[in-house]
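Participant: Based on the provided sequences and hints, a complete structural model is requested.
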Amino acid sequence: DGGITQSPKYLFRKEGQNVTLSCEQNLNHDAMYWYRQDPGQGLRLIYYSQIVNDFQKGDIAEGYSVSREKKESFPLTVTSAQKNPTAFYLCASSGGIGTEAFFGQGTRLTVV
Amino acid sequence: AQSVTQLGSHVSVSEGALVLLRCNYSSSVPPYLFWYVQYPNQGLQLLLKYTTGATLVKGINGFEAEFKKSETSFHLTKPSAHMSDAAEYFCAVSRGGSQGNLIFGKGTKLSVKP
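Just so you know, the sequences run in chain order G and H. With the working numbering as the guide, the letters of the first sequence map in order to residues 42 to 153. With the working numbering as the guide, the letters of the second sequence map in order to residues 2 to 115.
The hints are simulated quantities; they were obtained by calculation from the structure and are not laboratory data. Among the hints, erroneous ones may be present.
[As the list claims (entries may be wrong)] Straight-line C-alpha distance at most 25 Å; calculated DMTMM-like pairs for lysine to aspartate or glutamate:
id: 1; chain 1: H; residue 1: 59; chain 2: G; residue 2: 141
id: 2; chain 1: H; residue 1: 107; chain 2: G; residue 2: 141
id: 3; chain 1: H; residue 1: 50; chain 2: G; residue 2: 103
id: 4; chain 1: H; residue 1: 70; chain 2: G; residue 2: 141
id: 5; chain 1: H; residue 1: 50; chain 2: G; residue 2: 100
id: 6; chain 1: H; residue 1: 107; chain 2: G; residue 2: 103
id: 7; chain 1: G; residue 1: 55; chain 2: G; residue 2: 141
id: 8; chain 1: H; residue 1: 69; chain 2: G; residue 2: 56
id: 9; chain 1: H; residue 1: 50; chain 2: G; residue 2: 79
Facilitator: In structure tokens, the structure reads:
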């Protein structure tokens, strides 16, 4: 089945450690996105990529990094510079103009 | 700057009653508007979207929304609530022409009482 796969579903890390969240899609979509969700805050855009080997900062990019080496993959690294990394992270993808975003099932990151 | 405001962080209705979730937006360009639903610890599922054309948009699970430009609103309705509708609902507006680059409201949690 076509879709977006995020792994793992739950992730625990110690403070000060970098951690990478995986996002893979087999929808042949050009654009991919990372959102962060906090309770009562909605979703906020971290980074997005409209084409392989290119990406742009979203509204809350500080403390995060991404890469887009393959069309189907868009991993997000939460670095030690992110001051409050505990959150629910959602990856999405969309095709060309006229197609909506499809979301993965999310990764819940807890930093202790 | 574009923004989305959802009125009411929690809404509670009885099973069979009308569901009305409110969304107002601000946008300097003709907006693309969306409603997504989220069940606990899940991703988001698209309920419906408005891009151009007919202002009354029908979505999945009996939901619909009406785009009212004069009121800058895109309220979500369902005539008769079902227990399975209990979830969190998000209104969003797209930035530019990209339907994936979205500005979200803070969400409305819908409870359905038996």
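Participant: Tell me, in ascending order, the numbers of any earlier hints that this structure violates.
Facilitator: Structure breaks hints 3, 7 and 8.
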